[in-house]
Structure formats: C-alpha cells, structure tokens
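Colleague: Sequence:
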Amino acid sequence: MANKKPTSDPWPWITGEYEEGNPENPVAVVTCGSHMNNAPFLDAGAALAGPCKTENIGIEKMVANIISNPNIRFLIITGMEVKGHITGQAIEAFAESGIDQEGRIIGATGAIPFIQNLTPEAVERFKEQIETINIIDTEDTGTIVSKIKECVSKDPGALDVEPMTVEISEGGAEEEAHGLRPMAGEIVNVRARMKQIEAAVTNVGIQNKYAAGIYAGKIEGIAAGLTIVLTLFGLILKMGGM
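Per the numbering used here, residue 1 is the first one in the sequence shown, and the count goes up by one each step.
The hints are all genuine.
Result set (PhoX-like, lysine-lysine): computed pairs, CA atoms no more than 25 Å apart in a straight line: (1) K147 x K53; (2) K127 x K53; (3) K83 x K53; (4) K149 x K4; (5) K147 x K127; (6) K4 x K127; (7) K5 x K147; (8) K149 x K5; (9) K4 x K147; (10) K4 x K154; (11) K5 x K154; (12) K127 x K154; (13) K5 x K127; (14) K149 x K127.
Don't read these hints as lab results, they were simulated from the structure. Here the structure is a predicted model, which means the values were calculated and not measured.
Using the sequences plus the hints, can you model the full thing?
Modeller: Structure below.
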C-alpha cells in the first residue's frame, strides 16, 4: 500500500464550492465552469472534486487545499472552460511554469491570471506535488471516472513533506493585482466601447461648437453688412435732400 501522510487540521484547509472524499486518496478533480455530480468521482478515488471559476483566487484556494494534503498527487482538469477567465488553461500553465515576479501566471491566457496569496514556497510545493491530467471540455462522467481510476492505480504515495498551509485573503483579489485593475474580457469590451462613445460625444460637441461659431459669425457678418448698407443708404438720402 502506498505511503500516506496526515493532512492539515482542518482539511480541506479552505472552504469552497467542492465536495470532499477520503483525504488519503491521491486525486483531485477540478471541473472548471461545470457543476457536476461529484459522487462518482469521490467513489472512484478522488479526495476533492468541484468547480474552479477564476484564474486568480479560485486557483489560490484550490492550491491551498492541495498542498495542505500531501496525499494528493494528481489533478484532473476537466469540465467546460470558463469564458474570459480560461481557468483550466491557467491551472495547467500554473502547474507547469508557476508565476513571474509580478505574480502573473506564466503562459496563462485568461483576463486576470494574477496570484497574490501564494508564497514562492507554496507555488513550488504545488509544482513538485502534482501531476496534471488535461481533459478540459469533457463532462462525460465515465471518461472522468476512468481517468481517476487510472491515477489511483499509479499512486506513488504521499509526497514526503508536512502539510503546508497558506492564508487566502479575498479583499479585492479578483479585480486588483499589484495596483492594477485587470478585468474580465466582457468588461474590457464594455469599457472600451464606453470610451469610444465618450470620444464620439466629445467630437460631436466640438463639431457643434465649431458649427455654432460659424453660424454666429455669419449672423454677425450679415448684421454688420446690413448696418453698413443702411448707413450708406441714409447718407445718400441725406446728400440727395441737400
């Protein structure tokens, strides 16, 4: 039997939108944007199973629960990808390459792949502990169960380390990253469109002011011309009367 280690107390370390099974099982299943019946996954040998919707704090919570249980050695990434966030791809990129000095997941293509709550040690622990299995966009229960059982059959035993715990602060984490405010793709598009509309309104205002100036100039010119004509006409009449 594969060697097993104690987990953090409590475990899972971070509460979330998942279901838990036997903590000695070697597999975690993340279903990205899909909400599925996790019971078959837990019965097949998963210690944790559930969705992960964001490529920042969602990944941080997932990592925190995995590194606090050295028995988990495989992470199956499945379910439908999250539009804009592209969380599944971000998880795989994180497991492969980690983060850069700014906290951005190297190679992630989502809108806000910034990690703020994980220490470099936590990132390295996750990379050392976990082998990822990518079956993103799969919602077939039989396929996922088969992958879980395959991982269980290859269980190398717990990583020979103590459980690592990290604190996750949610204050603005899904919107802010190192002073920036990256946004989801849909919001970026809306903001860009709003700026375009604002610029168009400004241009219309400028054009209206210009047109109003020309119109006012024409009126003033006509008035001045009439004044001159009437004055000259008056002078002519006066001279004729003399």
